[in-house]
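As you go down the protein sequences, you meet chains A and B in turn. At position 73 of the first sequence the residue is numbered 73 (the UniProt record's numbering), and the sequence of numbers has no breaks. At position 165 of the second sequence the residue is numbered 165 (the UniProt record's numbering), and the sequence of numbers has no breaks.
No lab work stands behind these hints: they were computed from the structure. Every residue, glycine too, gets a C-beta built ideally from N, C-alpha and C. Careful: at least some of the hints might be erroneous.
What the simulated footprint calls covered on chain A by chain B, stretch by stretch (three residues with Cβ under 8 Å from a Cβ of chain B suffice, anywhere in the stretch; the number is not a length) [to be verified]:
| hint | region |
| --- | --- |
| 1 | 43-52 |
| 2 | 136-148 |
| 3 | 159-169 |
| 4 | 195-203 |
| 5 | 226-238 |
Number of protein chains: 2
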Amino acid sequence: MSGDASRNDAAPGRLTVIGLGPGGPEQMTPEARNAVARATDFFGYFPYVERLALGPHQRRHASDNREELARARAALDMAMAGREVAVVSGGDAGVFAMAAAICEAIDHGPAEWRALDIAIVPGVTAMLAVAACVGAPLGHDFCAISLSDNLKPWELIAARLRAVAGAGLVIALYNPVSRARPWQLGEAFDILRGILPARTPVVFGRAAGRPDERVAIVPLAEARSDMADMATCVIIGSPETRLIARDGRPPLVYAPRSATGAGPGSTDRPS
Amino acid sequence: MSGDASRNDAAPGRLTVIGLGPGGPEQMTPEARNAVARATDFFGYFPYVERLALGPHQRRHASDNREELARARAALDMAMAGREVAVVSGGDAGVFAMAAAICEAIDHGPAEWRALDIAIVPGVTAMLAVAACVGAPLGHDFCAISLSDNLKPWELIAARLRAVAGAGLVIALYNPVSRARPWQLGEAFDILRGILPARTPVVFGRAAGRPDERVAIVPLAEARSDMADMATCVIIGSPETRLIARDGRPPLVYAPRSATGAGPGSTDRPS
Numbered sequence: 001m002s003g004d005a006s007r008n009d010a011a012p013g014r015l016t017v018i019g020l021g022p023g024g025p026e027q028m029t030p031e032a033r034n035a036v037a038r039a040t041d042f043f044g045y046f047p048y049v050e051r052l053a054l055g056p057h058q059r060r061h062a063s064d065n066r067e068e069l070a071r072a073r074a075a076l077d078m079a080m081a082g083r084e085v086a087v088v089s090g091g092d093a094g095v096f097a098m099a100a101a102i103c104e105a106i107d108h109g110p111a112e113w114r115a116l117d118i119a120i121v122p123g124v125t126a127m128l129a130v131a132a133c134v135g136a137p138l139g140h141d142f143c144a145i146s147l148s149d150n151l152k153p154w155e156l157i158a159a160r161l162r163a164v165a166g167a168g169l170v171i172a173l174y175n176p177v178s179r180a181r182p183w184q185l186g187e188a189f190d191i192l193r194g195i196l197p198a199r200t201p202v203v204f205g206r207a208a209g210r211p212d213e214r215v216a217i218v219p220l221a222e223a224r225s226d227m228a229d230m231a232t233c234v235i236i237g238s239p240e241t242r243l244i245a246r247d248g249r250p251p252l253v254y255a256p257r258s259a260t261g262a263g264p265g266s267t268d269r270p271s
Numbered sequence: 001m002s003g004d005a006s007r008n009d010a011a012p013g014r015l016t017v018i019g020l021g022p023g024g025p026e027q028m029t030p031e032a033r034n035a036v037a038r039a040t041d042f043f044g045y046f047p048y049v050e051r052l053a054l055g056p057h058q059r060r061h062a063s064d065n066r067e068e069l070a071r072a073r074a075a076l077d078m079a080m081a082g083r084e085v086a087v088v089s090g091g092d093a094g095v096f097a098m099a100a101a102i103c104e105a106i107d108h109g110p111a112e113w114r115a116l117d118i119a120i121v122p123g124v125t126a127m128l129a130v131a132a133c134v135g136a137p138l139g140h141d142f143c144a145i146s147l148s149d150n151l152k153p154w155e156l157i158a159a160r161l162r163a164v165a166g167a168g169l170v171i172a173l174y175n176p177v178s179r180a181r182p183w184q185l186g187e188a189f190d191i192l193r194g195i196l197p198a199r200t201p202v203v204f205g206r207a208a209g210r211p212d213e214r215v216a217i218v219p220l221a222e223a224r225s226d227m228a229d230m231a232t233c234v235i236i237g238s239p240e241t242r243l244i245a246r247d248g249r250p251p252l253v254y255a256p257r258s259a260t261g262a263g264p265g266s267t268d269r270p271s
């Protein structure tokens, strides 16, 4: 009996959550590329799954952006059936992406899902690619906050923005806008204008590392929500963030390695 | 005159700051590998420079960890002399690493340094690699804070820890301990124990992605500073962080994609 069990009705397969990196294949690690080569079935948001160069034995199961938990469950089911499943995310799989959805599905799913071989392959997340385009805006203490209020109340997001800006952290905003969430980014800028200096550099980085890359730097006073779209990561400096003007080259934006906490606008910081 | 200027006394060269990734070559992007192949002179902290497989025409200029600004200036000088200079960091070059030191040196250096061709190649930073080892602890809002008080006052670090923990962000600590800074991590745990639930998962990830990788998960109540060394990244959960126990496998730690801000210990969060 044990000798003739085929792969599909014997031991469960494996599920690997893979961060594809922010841009082209140049920014995907060999570890991620090898994990893609090994898998038989690919789950993920349409554009990420379609980006992959797959062989004839590899199957795509693309789905919409807002179906993360259903996608996670379908991927886990297929891994239980003995397939070698890959769940792909742009950037890093662990930052506002599919690794958390897979864990959540396991946490609330059937007990046998806990026996599955789960692996997660990290990648370069969007904020790191955007930061590299302009200098080192994340060179000192910083945070990453999702501006989507689909799964958390706006009041919590606003409170977090006030707390981190007041504490002097640089802020990277993921999911800044979407068709269903048109006003949140403008509101976030308004909140931050009440705390940070008007000249604080704001970086809008769209599709960093891809052919349609677009990067803009504006002072917080002039930052508007229509400067971002779904594919943009927005980095907002701290009172200590500096901008270096350069003739004939774009400016550099960076966070100094030293911090006093006494930059302008630091009303609620220790003295 | 113009025709016989050799490369070394003519146009300045280029300086590329390269993030080598957290571990072995499997986690270094092709973009970083290609940038290494192109450079003639390598600046960086000893272990990173020594890790590189270089050709006979490529020169190492390794230096100590605490000499970042002097190293940045030497690298910029050499690029001005027409060399193809690489400044390397482990992980991502933009996160508590050399990209900020290079910008700082340019900001305060001679005007001609602003004319240099500066490029930054992002990499997988340590916290992403550590997170991937255990699940998705950075799956929702999080921050990265350096625990080194060499260049910022301890009171500022303590205030930031209180602000971010109170706001419900997961915390990744870089530079948690060193021989010269033995007590800071223990003090940080004490501060956080006053704000976060005792069961909050704390992940100690050492050398993630390398052969000597070591990962431990303990509740905040039991977290001690001697569980970390210089090569460790420490991730401290939020009140919403969950741990999934698994028979015969290490537990998974993750941040749920939804947040109410009403986890236990959330004394100063909106209701």
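Against the structure, the hints:
1. Given as covered by chain B, the region 43-52 of chain A fails the check, having 0 residues with a CB less than 8 Å from a CB of that chain where 3 are the minimum.
2. Remark: the region 136-148 of chain A is confirmed as covered by chain B, as 11 of its residues place a Cβ nearer than 8 Å to a Cβ of that chain, reaching the required three.
3. For the region 159-169 of chain A, the stated coverage by chain B holds: 8 residues have a C-beta nearer than 8 Å to a C-beta of that chain, and at least 3 were required.
4. Remark: the region 195-203 of chain A is not confirmed as covered by chain B, as 0 of its residues place a Cβ nearer than 8 Å to a Cβ of that chain, below the required three.
5. Residues of the region 226-238 of chain A lying with their CB closer than 8 Å to a CB of chain B number 0, which falls below the three-residue condition for coverage.
Figure legend: structure checked against the earlier numbered hints; hints not met, in rising order: 1, 4 and 5.
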